[in-house]
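Undergrad: Sequences listed follow chains A and B, in order.
According to our numbering, the stretch in the first sequence is residues 1 to 462, in order.
According to our numbering, the stretch in the second sequence is residues 1 to 288, in order.
These are computed hints drawn from the structure, not numbers from a lab.
Among the hints, a few may not be true.
In silico SDA-like pairs for lysine to any residue, Cα to Cα no more than 25 Å straight-line [unchecked claim]:
no., chain 1, residue 1, chain 2, residue 2
1, A, K30, B, S115
2, B, K157, A, M48
3, A, K30, B, G233
4, B, K157, B, R139
5, A, K39, B, R139
6, B, K157, A, D35
7, A, K39, B, Q166
8, B, K157, A, E41
9, A, K210, A, I190
10, A, K234, A, N199
11, B, K157, A, L29
12, A, K30, B, Q162
13, A, K30, B, K157
14, B, K157, B, L180
15, A, K311, A, P149
16, A, K234, B, R139
17, A, K39, A, I360
18, A, K30, B, S201
19, B, K157, A, I227
20, A, K234, A, N260
21, A, K234, A, S173
22, B, K157, A, L26
23, A, K39, B, A140
24, A, K39, B, S201
25, B, K157, A, N260
26, A, K39, B, T161
27, A, K210, A, Q167
28, A, K39, B, P181
29, B, K157, A, L51
30, A, K39, B, K157
31, A, K39, B, G233
32, A, K30, A, N43
33, A, K39, A, R380
34, A, K39, B, T141
35, A, K30, B, M126
36, B, K157, A, L27
37, A, K39, B, G154
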Amino acid sequence: MKTTDRPTEATNSAATSAVGSSPRLLLPLKSQDFDRAHKLESNVSMAMDALWANRLRSLLTALGIIIGVASVIAAFTMTQGVSANVTNTISSLGTNLIFITPGTNNTTSGGGGVSGGSNGTKRSIGSIAPTGITQSLTQGDAQAITDGPTRIPDVAAVSSVISSANQQVISGSQNWITTVQGVNASFLSIHNWSIEEGNWFSSSDDQAGKLVAVLGQTVYQQLFADIGEDPLGKTILIGNAPYRVVGVLPVQGGASNSDNMIYVPFTTALNRLNNSRYVDQILVQVDDPGNVGTVQQAITSLLEQRHRITKGMADDFNLTTSQQLLQTFNQSISLFTALLVGIASISLTVGGIGIMNIMIVSVTERTREIGLRMSLGAGRQDIRNQFLIEALTLSLVGGTIGLLIGLLLGYGITAGLAIPFVITPISLALPFAVSAGIGVIFGFYPAARAARLDPVVALRSL
Amino acid sequence: MNINKDMRKYTASLASAEPDGATPGAHQATPHVVNADNQERPLIIIHQLHKTYLLGQTRVHALRGVSIEISRGDFVAVRGPSGSGKTTFMNILGCLDRPSQGSYWLANHEVGQMSNQQLARVRNRMIGFVFQNFNLLSRATAMSNVELPMIYAGLSKELRTQRARQALQLVGLGTRLDHLPAQLSGGQQQRVAVARALVNSPSLLLADEPTGNLDSRTSVEIMAILQALHEQGLTIVLVTHEPDIAAYATRQIVFHDGRLLRDEPVSAPRDARAEWSVLATQNPDEDY
Numbered sequence: 001m002k003t004t005d006r007p008t009e010a011t012n013s014a015a016t017s018a019v020g021s022s023p024r025l026l027l028p029l030k031s032q033d034f035d036r037a038h039k040l041e042s043n044v045s046m047a048m049d050a051l052w053a054n055r056l057r058s059l060l061t062a063l064g065i066i067i068g069v070a071s072v073i074a075a076f077t078m079t080q081g082v083s084a085n086v087t088n089t090i091s092s093l094g095t096n097l098i099f100i101t102p103g104t105n106n107t108t109s110g111g112g113g114v115s116g117g118s119n120g121t122k123r124s125i126g127s128i129a130p131t132g133i134t135q136s137l138t139q140g141d142a143q144a145i146t147d148g149p150t151r152i153p154d155v156a157a158v159s160s161v162i163s164s165a166n167q168q169v170i171s172g173s174q175n176w177i178t179t180v181q182g183v184n185a186s187f188l189s190i191h192n193w194s195i196e197e198g199n200w201f202s203s204s205d206d207q208a209g210k211l212v213a214v215l216g217q218t219v220y221q222q223l224f225a226d227i228g229e230d231p232l233g234k235t236i237l238i239g240n241a242p243y244r245v246v247g248v249l250p251v252q253g254g255a256s257n258s259d260n261m262i263y264v265p266f267t268t269a270l271n272r273l274n275n276s277r278y279v280d281q282i283l284v285q286v287d288d289p290g291n292v293g294t295v296q297q298a299i300t301s302l303l304e305q306r307h308r309i310t311k312g313m314a315d316d317f318n319l320t321t322s323q324q325l326l327q328t329f330n331q332s333i334s335l336f337t338a339l340l341v342g343i344a345s346i347s348l349t350v351g352g353i354g355i356m357n358i359m360i361v362s363v364t365e366r367t368r369e370i371g372l373r374m375s376l377g378a379g380r381q382d383i384r385n386q387f388l389i390e391a392l393t394l395s396l397v398g399g400t401i402g403l404l405i406g407l408l409l410g411y412g413i414t415a416g417l418a419i420p421f422v423i424t425p426i427s428l429a430l431p432f433a434v435s436a437g438i439g440v441i442f443g444f445y446p447a448a449r450a451a452r453l454d455p456v457v458a459l460r461s462l
Numbered sequence: 001m002n003i004n005k006d007m008r009k010y011t012a013s014l015a016s017a018e019p020d021g022a023t024p025g026a027h028q029a030t031p032h033v034v035n036a037d038n039q040e041r042p043l044i045i046i047h048q049l050h051k052t053y054l055l056g057q058t059r060v061h062a063l064r065g066v067s068i069e070i071s072r073g074d075f076v077a078v079r080g081p082s083g084s085g086k087t088t089f090m091n092i093l094g095c096l097d098r099p100s101q102g103s104y105w106l107a108n109h110e111v112g113q114m115s116n117q118q119l120a121r122v123r124n125r126m127i128g129f130v131f132q133n134f135n136l137l138s139r140a141t142a143m144s145n146v147e148l149p150m151i152y153a154g155l156s157k158e159l160r161t162q163r164a165r166q167a168l169q170l171v172g173l174g175t176r177l178d179h180l181p182a183q184l185s186g187g188q189q190q191r192v193a194v195a196r197a198l199v200n201s202p203s204l205l206l207a208d209e210p211t212g213n214l215d216s217r218t219s220v221e222i223m224a225i226l227q228a229l230h231e232q233g234l235t236i237v238l239v240t241h242e243p244d245i246a247a248y249a250t251r252q253i254v255f256h257d258g259r260l261l262r263d264e265p266v267s268a269p270r271d272a273r274a275e276w277s278v279l280a281t282q283n284p285d286e287d288y
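Please construct the entire structure, taking both the sequences and the accompanying hints into account.
TA: So, in structure tokens, the structure goes:
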């Protein structure tokens, strides 16, 4: 070992600061210094640096995920909103209602799919009367359910409904086309509605066939509110007969258009608006939701008897409960959601392939860097984890951006359609989970490729 | 593995061994020597190293039975024409590659047959690399570059920052911690690389043509740093094809056709520091 001279200070000038002083080697490390810090934090910051350095490329790569997640979230909020809207409407009817409608093989149960279901919903909730369907229900049927020897137990109330669409209503100088429904006095309590102004008509009004009317909110707006008139006590002309307005209903909203409706007593409608003795619907309120099934069966046998339907013949009427409506509707929504998920998977797979592609390119570009890291002591796991975390970061950032854009879009659309904006914890958590999964799955192959590089070969490459 | 037993077997075999084709250095023909600084075992013991690999269809026999010992504190220059096996030798020395045959002991560990994971650890904690083309991460600052080996060693953030700063000050770049490689000259970049190589306190520094991409003046500066480190006790193995650079070392080995042709001490090594002080006074305004 040669003897060492401590260098003189004379050689210590600014330009020789490295060389002039005697550089001391660093203190050796102790074994407990090692393996203290987790490499995750450094990996994540290295990944973010790498992605930020190639901002445009990272953005374009993540675009697949962003678009996939955004479109799924936006569509999902829409379906959730529609679903909540309809479900609210159906639920507000109460879970103990049975709708009896005429016609054979109605589309309210099963077969009709989305459009049939929603049409059935609308029909049962009481909007436009079905045309071209064989009439079969009468007021006698309704009375048989509640009175006399054929009375069915557990029935709380019944209302017949006559529906007359496209009626022109005139009030002073205003006119409007709307639907007029003739209903019994029990109709209001069966639906559990409240009256906003004035009163509902009474059963004596009904029996006397009085010319009174209760306005739905839309009709009220069109005929009175727009010109600032108070409707109560005013006379409106329906089919050339004068009716006195006795009440106004509040906004119902929802999936039925009961806001664009005028309600008159059943007998009045029977006498003046209907040209047959048939009714369009019978509404039955069961006292307890648990009894709906038995009441449904009892009504069916009663009506089969009354309509003289023998075994083997199809019924000329249909019974639907709000539970069934909900069920049908949920089936349709599930189908639609499944379709949505399928399309989303395709779009996200494409996004994932984009990520895999770019990661492979990245690995090839950085072969020399990988070789260097290996020479500094990075093991195969370290290299693999580094690239895996890069892919994961890319997909998670894409998923987050997609989620935000999707929520924004969903909010805009649901606000525009006036349906509720529903966010569930699942709809927030799922994009993250799915994006992370995509990052891991599609990032794995490039990361494994990187880890398998031979350091000597890697260092030699350009 | 019983180190002591293996070592005794090895020294016994040395005593009875016939010299191989290459002319060994004087101390190899005698039983195991205790070297001058009283350390029992040399840092590096290589015995009958062979390496063959396939290049397309041809089998290349890059190393044909190389045996050598390098003691702690040696400064060895490895020379030889291209194709002589010196690069392959360096790769094996640096645990980047494994020998096909033969044994390689580094600081009492037989690294020749270690797994990839173990080799990575050895590279991280016992070896420091300096490359011809610096091999710095272009997007990272000098500090981040120097921290890299410590990240893989799992050192805490505070310790990493402290040691990185120390290492950069050691090579005279204490004012350029946050510079990117693009903002540094070639010489400065190589100094960052040296700092990076030192930061885990390795036992061995391997330099592969460290001055290959530098001009003559900066080469002197880098060699001065290496010599200064050597004076502190660091073992350095330097590959070069330039005899001028090899002259800074204290021992020279020459490869030829996969074998050691010569292994001799350097009689009068150049003093880089002295040369540098002359150069610096000649052009004091140039800050490389």
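Undergrad: Work down the list of hints and note, for each, if the structure agrees.
TA: Right, here's what the structure says about each hint:
1. Note on K30 of chain A and S115 of chain B: the hinted pairing holds, with a Cα-Cα distance of about 24 Å set against a maximum of 25 Å.
2. For a cut-off of 25 Å, the pair hint linking K157 of chain B to M48 of chain A stands: about 18 Å separates their Cα positions.
3. Of the pairs offered as hints, the one joining K30 of chain A and G233 of chain B holds, with about 18 Å between alpha carbons and a cut-off of 25 Å not exceeded.
4. In summary, the hint linking K157 of chain B to R139 of chain B is supported, as the alpha carbons are separated by about 20 Å, within the 25 Å threshold.
5. Of the supplied pair hints, the one linking K39 of chain A and R139 of chain B holds, its CA atoms being roughly 19 Å apart against a limit of 25 Å.
6. At most 25 Å may separate the alpha-carbon atoms for a hinted pair to count; K157 of chain B and D35 of chain A meet this at roughly 12 Å.
7. Between the alpha carbons of K39 of chain A and Q166 of chain B the distance comes to roughly 22 Å, so the proposed pair stays at or under 25 Å and holds.
8. Distance restraint check for K157 of chain B and E41 of chain A: the Cα-Cα separation of roughly 10 Å lies within the 25 Å cut-off, and the hinted pair is therefore satisfied.
9. Simply put, K210 of chain A and I190 of chain A have alpha-carbon atoms about 21 Å apart, close enough for the 25 Å limit, and the pair holds.
10. A C-alpha spacing of about 14 Å is found between K234 of chain A and N199 of chain A, which places the hinted pair at or below 25 Å, so the restraint holds.
11. Straight-line distance between C-alpha atoms of K157 of chain B and L29 of chain A comes to about 14 Å, which keeps the hinted pair within the 25 Å bound.
12. Restraint check for K30 of chain A and Q162 of chain B: satisfied, since their Cα atoms lie roughly 15 Å apart, inside the 25 Å limit.
13. A threshold of 25 Å between alpha carbons decides the hint, and for K30 of chain A with K157 of chain B the separation of about 16 Å falls inside it, so the pair holds.
14. Our distance criterion of 25 Å between C-alpha atoms is met by K157 of chain B and L180 of chain B, whose separation comes to about 20 Å.
15. The straight-line distance between the Cα atoms of K311 of chain A and P149 of chain A is roughly 23 Å, inside the 25 Å bound, and the hint therefore holds.
16. Between K234 of chain A and R139 of chain B the alpha-carbon distance is near 81 Å, which puts this suggested pair outside the 25 Å criterion.
17. Of the pairs offered as hints, the one joining K39 of chain A and I360 of chain A holds, with about 23 Å between alpha carbons and a cut-off of 25 Å not exceeded.
18. Restraint check: the Cα-Cα separation between K30 of chain A and S201 of chain B comes to about 10 Å, which is no more than 25 Å; the hinted pair holds.
19. Among the hinted pairs, K157 of chain B with I227 of chain A is inconsistent with the structure: their alpha-carbon atoms are about 75 Å apart, more than 25 Å.
20. With a C-alpha separation of about 18 Å, the suggested pairing of K234 of chain A with N260 of chain A holds against the 25 Å cut-off.
21. For the hint linking K234 of chain A to S173 of chain A, the alpha-carbon distance of about 13 Å falls within 25 Å, and the restraint holds.
22. Pair hint K157 of chain B plus L26 of chain A holds up; C-alpha atoms about 17 Å apart against a cutoff of 25 Å.
23. Straight-line distance between C-alpha atoms of K39 of chain A and A140 of chain B comes to about 17 Å, which keeps the hinted pair within the 25 Å bound.
24. Under the criterion of a C-alpha separation no larger than 25 Å, the hint pairing K39 of chain A with S201 of chain B is consistent with the structure, at around 20 Å.
25. Between K157 of chain B and N260 of chain A the CA atoms are separated by roughly 70 Å; this puts the pair beyond 25 Å, and the hint is violated.
26. Straight-line distance between C-alpha atoms of K39 of chain A and T161 of chain B comes to about 15 Å, which keeps the hinted pair within the 25 Å bound.
27. The straight-line distance between the Cα atoms of K210 of chain A and Q167 of chain A is roughly 19 Å, inside the 25 Å bound, and the hint therefore holds.
28. Between K39 of chain A and P181 of chain B, the direct Cα distance comes to roughly 24 Å. Compliance with the 25 Å bound is thereby established for this hinted pair.
29. Among the hinted pairs, K157 of chain B with L51 of chain A is consistent with the structure: their alpha-carbon atoms are about 23 Å apart, no more than 25 Å.
30. Distance restraint check for K39 of chain A and K157 of chain B: the Cα-Cα separation of roughly 11 Å lies within the 25 Å cut-off, and the hinted pair is therefore satisfied.
31. For the proposed pair K39 of chain A and G233 of chain B, the alpha carbon gap of about 31 Å is over 25 Å, so the pair is violated.
32. Of the supplied pair hints, the one linking K30 of chain A and N43 of chain A holds, its CA atoms being roughly 24 Å apart against a limit of 25 Å.
33. Among the hinted pairs, K39 of chain A with R380 of chain A is consistent with the structure: their alpha-carbon atoms are about 14 Å apart, no more than 25 Å.
34. Between K39 of chain A and T141 of chain B the alpha-carbon distance is near 19 Å, which keeps this suggested pair within the 25 Å criterion.
35. For the suggested pair K30 of chain A and M126 of chain B, the alpha carbons sit about 13 Å apart, so the restraint of at most 25 Å is met.
36. With a C-alpha separation of about 17 Å, the suggested pairing of K157 of chain B with L27 of chain A holds against the 25 Å cut-off.
37. For a cut-off of 25 Å, the pair hint linking K39 of chain A to G154 of chain B stands: about 7 Å separates their Cα positions.
Of the numbered hints listed earlier, those contradicted by the structure are 16, 19, 25 and 31.
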